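Residue numbers (the working numbering), protein chains in the order written: chain B, 284 to 785; chain S, 5 to 332.
Rather than coming from a laboratory, the hints here were simulated on the basis of the structure.
All of these numbers come straight from a predicted model, not from anything done at the bench.
Do not take every clue at face value.
[Stated by the list, open to error] Example chain S residues on the side facing chain B (calculated, C-beta under 10 Å, incomplete):
| hint | residue |
| --- | --- |
| 1 | Ala-151 |
| 2 | Ala-197 |
| 3 | His-201 |
We put the CB at the ideal spot given by N, CA and C, even for glycine.
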Amino acid sequence: MSALLEVTGLTKTFPGVIACDDISMKVAAGEIVALLGENGAGKSTLLKAVFGLIKPDKGEIKINGIPITFGDTAGIIAQGVGMVHQHFQLVEVMSVTENIILGDEPKRGVFINKKRARDEVLALSQRYGLAVDPDAIVEDLSIGVQQRVEILKALRKEVKLLILDEPTAVLTPMEIDELLEVIRALAKSGVGVVLITHKLREVMAIADRVVVLRAGKVVGTTSPKETDEGQLAQMMVGREVVLRVNRTEASKGAAVLTVKGLQVRDDRKTLTVKGIDFEVHAGEILGIAGVEGNGQRELVEAICGMRHRESGEVIVNGVPTPDLRPYAVHMAGISHIPEDREKHGLIGSYSIADNLILNQFDQSPFAKGWIRNLSQVLKNGVNLVEKFDIRTPSPSNLANSLSGGNKQKVVVARELSQSLEVLIAAQPTRGVDVGSIEFIHNQLIAARDRGSAILLVSAELDEILSLSDRIAVMSNGKIVAIVDSNGADREYIGRLMAGLDK
Amino acid sequence: MKSLINRRNMYLLFGAAVVAFFYSRDGLVTTSIFSTATSFALPLALAAMVGIMCERTGIVNIGIEGTMLLSAFVAFFVSSLTNNILFGFACAILTGAWIGLLLAVMSVSWSMDQIIAGIIINILATGLTSFFYVQGRTIPGAFPEIAIPLLSRLPFFGQFLFTHGAITYFGILIIITLYFALYHTPWGLRSRAVGEHPSAADTAGVSVKRLRYLNVAIAGAIGGVAGSFLSLELVGSFERGFIAGKGFTALALMIFGRWNPLGAMAAAMFFGLAQAGANQLMIAQTMDIPSQFVGILPYVMTIVILTISAGKVRPPAASGQPYEKGKE
């Protein structure tokens, strides 16, 4: 079988980093190739090069035996390459139809033939069994449906090679299963698929071949039959990784964080947290499982004082915390690893050292009255960079210069390095590579063992299952069940998350 | 079928009722106010089109004032030197397009801060026009009024819409064409996509750079039409500081019209009516209004409009952001 995609000796350097170092790989028709690698291993750069979005320094990319030209994205699409991007490439204010036809619009004279466009979308959606409403505005759709639109967009041009860049990162377990089915069906019909992911379980489930990248190099090619998850993780990180968290029994203390009758509205003023009560005890991790968009974000923001509490109380050690005063809430003992680290966790244009004291900049020893003590700030920076294994030449570098995983480590380091009554960890390992996940997980467990009360919110059910002592399942703004994590049934929790039954 | 009862139609109906009321009271004055208002509104509306075309593809253009100033200047002096207003008009459009290209080079190719790029254009235009300005030149007459056969004999509408100079008709045509192009052609869909989410357009095979260059240049040419309307049709001369803030007012109208050509045109018409009405009051001396108050009216209205619409509108998401391939 001739190769659909053939990459030979691809090299691309950015200032200071080699993103791709002499990468060669092949994908044949009907084959599912998983591309594994940590953040910054060069996966995204490789794909952007395939799509003509980045100009390689060296090497050649051939599609169906024909070398591609840089910048000719339209030509590459025409050759049958489709891509589902990690960050959806959808224009949010436009309709599904408009998004799908963009770039190759059916015409009537000089105008767009809107009826034919709509029919085309309907036919496409039927053909692949991916239901979408052609007239819906993209921003009103759920993430899962948005991804369907993204896939349809890629499939529209008779794709021969479909590239999926971390397609499951934002999906629920059920949506993931559906997506894997779609991918299998596509491969069966002769499409070559390149799947980029962190999630080893999916790789094992679906890939024909696995290509592992590390630091811009191909470190191995294997297949699920010849390997297991542990081995793959080791190839990715370059050392042995413990995938299961070693968690001892919690030694539960008194209730530290109490949430009573909390109601919160979202940005559209709809009530999304509809009366929630729970307690988190010292030395325990309470996991909140739930499909994203069921009120978790609003719940976390309300607890941390970042969003108005419509009613209800958030109590730390018996003292109610004030509404809408994040700093006062923080001083009352609540630390927060925010879900969106770029927006709420870091200031990218500040140095790493400054980011590491962002919520104690005015406290001793980092400040004396009005004057900052910069040498202490730097000392603290050096210290934490070392302790939390933040990969940077110097803590004086800007936070923006870090990769996603290391940015997250900065946030985690800042919050965990302070004396800690309550920690709210929202999606603490989102977009973080396997090695860093292991590290962050161990840090959370260590904090728990030191007696902190931890509320863990995560869309990753596996993360909740492996870290939590108790699991609260959130669905449609309410906690539908709180179960002990020992012997918790994955299937059962999955159904609760989907709001199916009790 | 969509229901005919919607907000826009309600506004139209209300507007028509008000006009009918005034027309029944004093037909002549009402007609003349509307006719004048069209002339006041046109340069504002065209300037707003410049803003819309740029911002819809993600370029903030605060250099509209300068574009209009320089092209009004070129229109007048080329006409004066060659004794040919059509030639002057053509040169003004070219001038506008060149300024558009300059903005595109600065903001697209050099990824410069677009506000600064716009300021550069405004300063450049003020400097060039002041330096080359010569007093006492004249042109062989402004663009004359052309009464469109039959249509111009309609009551009210004949004077209001169909008895104007050539540039007015051309300008109205530009606005309507832009509206249809923006919402019903592939070009429009792509332009809006580039202004909302350039990498989405890029991955769909639309060249962000090329489209931004094209649109900003065409927008500049429209700015040239707006400028030459002032010097060649409405006034028939050129003075320093000739544009008097219209290029900035237009940005407010663009926002008020929600980046929609027809919306901005309606906003400009409203503006023109207020101005023409105030002028009428001053002339008729039915009310004793100091002329200074009439003079500040456009600025007061700009502030009021922006206050009303602030926070409620949603600009194109990528407006003002340079795009680099391969970066999120």
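Here is what the structure says about each hint:
Using the Cβ-Cβ criterion of 10 Å, the hint placing Ala-151(S) at the interface with chain B is not satisfied: the shortest such distance is roughly 31 Å. The beta carbon of Ala-197(S) is positioned within 10 Å of a beta carbon in chain B (closest approach about 5 Å), and the interface hint is therefore held. Taken as an interface hint, His-201(S) checks out: its beta carbon lies about 5 Å from the nearest beta carbon of chain B, inside 10 Å.
The earlier numbered hint that this structure contradicts is number 1, and it is the only one.
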